[in-house]
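Undergrad: Chains A and B supply the protein sequences, listed in that same order. Take the first sequence: its position 162, counting from 1, is numbered 296 in the working numbering, and each next residue is one higher. Take the second sequence: its position 42, counting from 1, is numbered 44 in the working numbering, and each next residue is one higher.
You may find that some hints are simply not true.
[What the hints assert, rightly or not] In silico DSSO-like links for lysine-lysine, alpha-carbon gap of 27 Å or less: (1) K226(B) x K95(B); (2) K216(A) x K226(B); (3) K123(B) x K14(B); (4) K14(B) x K216(A); (5) K216(A) x K173(B); (6) K14(B) x K126(B).
[As the list claims (entries may be wrong)] Derived coverage of chain A by chain B (criterion: at least 3 residues anywhere in the stretch with Cβ under 8 Å from a Cβ of chain B; other residues may be distant): (7) 143–152; (8) 211–225; (9) 307–316.
These are computed hints drawn from the structure, not numbers from a lab. Backbone N, C-alpha and C fix where the C-beta goes; we use that ideal spot for every residue, glycine too.
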Amino acid sequence: MSSDRAFVYRRLHSLLGVIPVGAFLVEHLLTNYFATRGEAAYTEKVLWLNNLPFLILLEVFFIFLPILFHGVYGLYIAYQAKPNLGSFGTFRNTMFVLQRVTGVLTLIFIAWHVWETRVQVALGNVAKEELYDLMVSILSNGWMFAFYLVGVIAAVFHFANGLWSFLVSWGITVGPRAQRISTYVTMVIFVFVSYIGVAALLAFRNAAVALGS
Amino acid sequence: MSEQKTVRLIIKRQDGPDSQPYWEEFDVPYRKNMNVISALMEIQRNPVNAKGQKTRPVVWESNCLEEVCGACSMVINGRPRQACTALIDKLEKPVRIEPMATFPVIRDLIVDRSRMFDALKRVKAWIPIDGTHDLGPGPRIPETERQWMYELSKCMTCGVCLEACPNVNAKSSFMGPFIFSQVQRFNMHPTGAMHKEERLDAIMGEGGLAECGNAQNCVQACPKGIPLTTSIAALNWELTKYSLKKWLRS
Ligand code: HEM
Ligand code: SF4
Ligand code: FES
Numbered sequence: 135m136s137s138d139r140a141f142v143y144r145r146l147h148s149l150l151g152v153i154p155v156g157a158f159l160v161e162h163l164l165t166n167y168f169a170t171r172g173e174a175a176y177t178e179k180v181l182w183l184n185n186l187p188f189l190i191l192l193e194v195f196f197i198f199l200p201i202l203f204h205g206v207y208g209l210y211i212a213y214q215a216k217p218n219l220g221s222f223g224t225f226r227n228t229m230f231v232l233q234r235v236t237g238v239l240t241l242i243f244i245a246w247h248v249w250e251t252r253v254q255v256a257l258g259n260v261a262k263e264e265l266y267d268l269m270v271s272i273l274s275n276g277w278m279f280a281f282y283l284v285g286v287i288a289a290v291f292h293f294a295n296g297l298w299s300f301l302v303s304w305g306i307t308v309g310p311r312a313q314r315i316s317t318y319v320t321m322v323i324f325v326f327v328s329y330i331g332v333a334a335l336l337a338f339r340n341a342a343v344a345l346g347s
Numbered sequence: 003m004s005e006q007k008t009v010r011l012i013i014k015r016q017d018g019p020d021s022q023p024y025w026e027e028f029d030v031p032y033r034k035n036m037n038v039i040s041a042l043m044e045i046q047r048n049p050v051n052a053k054g055q056k057t058r059p060v061v062w063e064s065n066c067l068e069e070v071c072g073a074c075s076m077v078i079n080g081r082p083r084q085a086c087t088a089l090i091d092k093l094e095k096p097v098r099i100e101p102m103a104t105f106p107v108i109r110d111l112i113v114d115r116s117r118m119f120d121a122l123k124r125v126k127a128w129i130p131i132d133g134t135h136d137l138g139p140g141p142r143i144p145e146t147e148r149q150w151m152y153e154l155s156k157c158m159t160c161g162v163c164l165e166a167c168p169n170v171n172a173k174s175s176f177m178g179p180f181i182f183s184q185v186q187r188f189n190m191h192p193t194g195a196m197h198k199e200e201r202l203d204a205i206m207g208e209g210g211l212a213e214c215g216n217a218q219n220c221v222q223a224c225p226k227g228i229p230l231t232t233s234i235a236a237l238n239w240e241l242t243k244y245s246l247k248k249w250l251r252s
């Protein structure tokens with residue numbers, strides 16, 4: 135078994151990227167999308183999620199540990215690559231580099247974002263009912279808005295293109311035609327999920343602008 | 003004397019395995035239809051660099067001169083390829099020639115591709131048929147499978163796919179893209195399939211399939227047009243099945 139370690143880690147990394155981390159990303163962005171329907175709708179969703187039984191177990195075993203493993207092993211995978219876009223400027227090689235770049239961006243973004251939100255709730259500095267206001271105040275800053283925009287789009291790209299490579303890594307899309315079609319499908323997913331995420335950011339941002347005026 | 007047309011070659015040289023590489027430029031007399039090998043032969047004939055200084059002739063490896071042996075692989079204008087089919091007329095000038103950086107350099111353009119042969123041994127890229135008695139004729143193979151296996155068998159261990167792969171480097175132990183097509187080729191063969199699981203175990207281990215990052219440069223670079231990424235994904239499926247079987251039945 136020990137000689138299969140790289141194989142087991144790699145498959146675990148791949149699986150965790152989709153379930154639960156990818157699934158959580160989509161769920162999280164969908165929840166945030168309720169911000170487009172106003173503060174009451176958003177806070178209702180937040181409180182509903184926060185009322186789930188065994189919440190802390192869910193958070194630790196379905197979100198925190200999987201992201202930690204995927205992120206740390208992902209950094210190791212990214213470190214092992216020696217990008218050569220200069221001599222091979224093909225589409226797939228570009229996606230290979232982007233997958234690694236967006237992985238690192240996502241890691242930085244997630245760390246900052248969790249610190250600003252979940253950790254502040256845990257420290258008792260912010261109440262769950264105040265999360266809407268917290269997001270409005272964070273995104274009222276132009277730089278933070280840009281940072282969140284990049285972070286969300288990077289995470290969604292990483293997830294969508296990761297789905298493409300997940301399908302290859304498990305041997306589901308095998309031939310060039312299947313892999314081409316899954317490229318189209320995952321890029322549509324990228325655009326659609328990005329739209330959901332960015333719409334939520336814009337909702338908070340517009341609320342901030344309205345407050346400011 | 004009429005003016006002789008020349009071609010400028012910029013060559014990365016290295017005197018020995020442990021010496022520092024350096025660049026040297028040469029102007030070789032142009033002939034129509036010459037290739038990189040014949041240009042290198044001109045240097046061998048008259049080892050004088052572009053500054054007019056006498057120098058050691060550049061050394062390289064070549065054998066078949068028709069892109070079937072794989073010995074003459076080098077990086078020409080940034081691309082790993084065979085020198086024997088790199089026609090000077092079709093190359094951008096000056097022509098930059100380097101050894102493949104993925105492999106240890108022995109001298110000048112000669113590299114040591116042993117790691118590829120070691121990998122072939124690790125995955126048992128052969129079909130054991132020796133016995134103490136006559137085993138009779140082998141099983142028949144469907145024509146479609148024979149054709150596919152034939153494509154896979156065109157691999158000449160040239161190393162171009164390793165040089166093209168961003169995950170084959172000093173930081174990883176990845177055996178390289180070529181190995182998976184050889185595993186496929188021998189696992190597809192009805193007699194070779196008797197040792198299928200040994201080959202799957204080998205690519206599940208250190209430096210195996212897990213190291214592939216799907217950049218897919220290999221399939222673009224392979225001079226033999228081998229469907230390298232199709233073999234990789236097909237073996238990913240084999241390993242999905244095989245690892246589940248190992249996990250649930252042990
Ligand atoms: C926390 C920081 C993260 C880092 C550093 C990271 C890094 C990486 C890297 C380098 C890969 C490429 C693996 C390969 O193809 O060999 C990868 C794949 C993947 N990542 Fe991430 N990632 C991170 C976060 C995420 C997040 C938040 C998601 C989900 C939304 C995600 C989903 C995926 C998926 C689905 C794959 C494809 C797995 C496969 O190739 O089979 N990653 N990640
Ligand atoms: S698979 Fe193609 S590029 Fe790789 S060693 Fe074989 S012939 Fe060369
Ligand atoms: S000399 Fe054999 S491939 Fe070039």
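Undergrad: Next, verify each hint and record whether it holds.
TA: Quick rundown of the hints versus the structure:
no.: 1; hint: K226(B) x K95(B); in the structure: 26 Å, holds
no.: 2; hint: K216(A) x K226(B); in the structure: 24 Å, holds
no.: 3; hint: K123(B) x K14(B); in the structure: 32 Å, violated
no.: 4; hint: K14(B) x K216(A); in the structure: 21 Å, holds
no.: 5; hint: K216(A) x K173(B); in the structure: 9 Å, holds
no.: 6; hint: K14(B) x K126(B); in the structure: 35 Å, violated
no.: 7; hint: 143–152; in the structure: holds (count 3)
no.: 8; hint: 211–225; in the structure: holds (count 11)
no.: 9; hint: 307–316; in the structure: holds (count 5)
Hints 3, 6, counting from the list given before, are not met by this structure.
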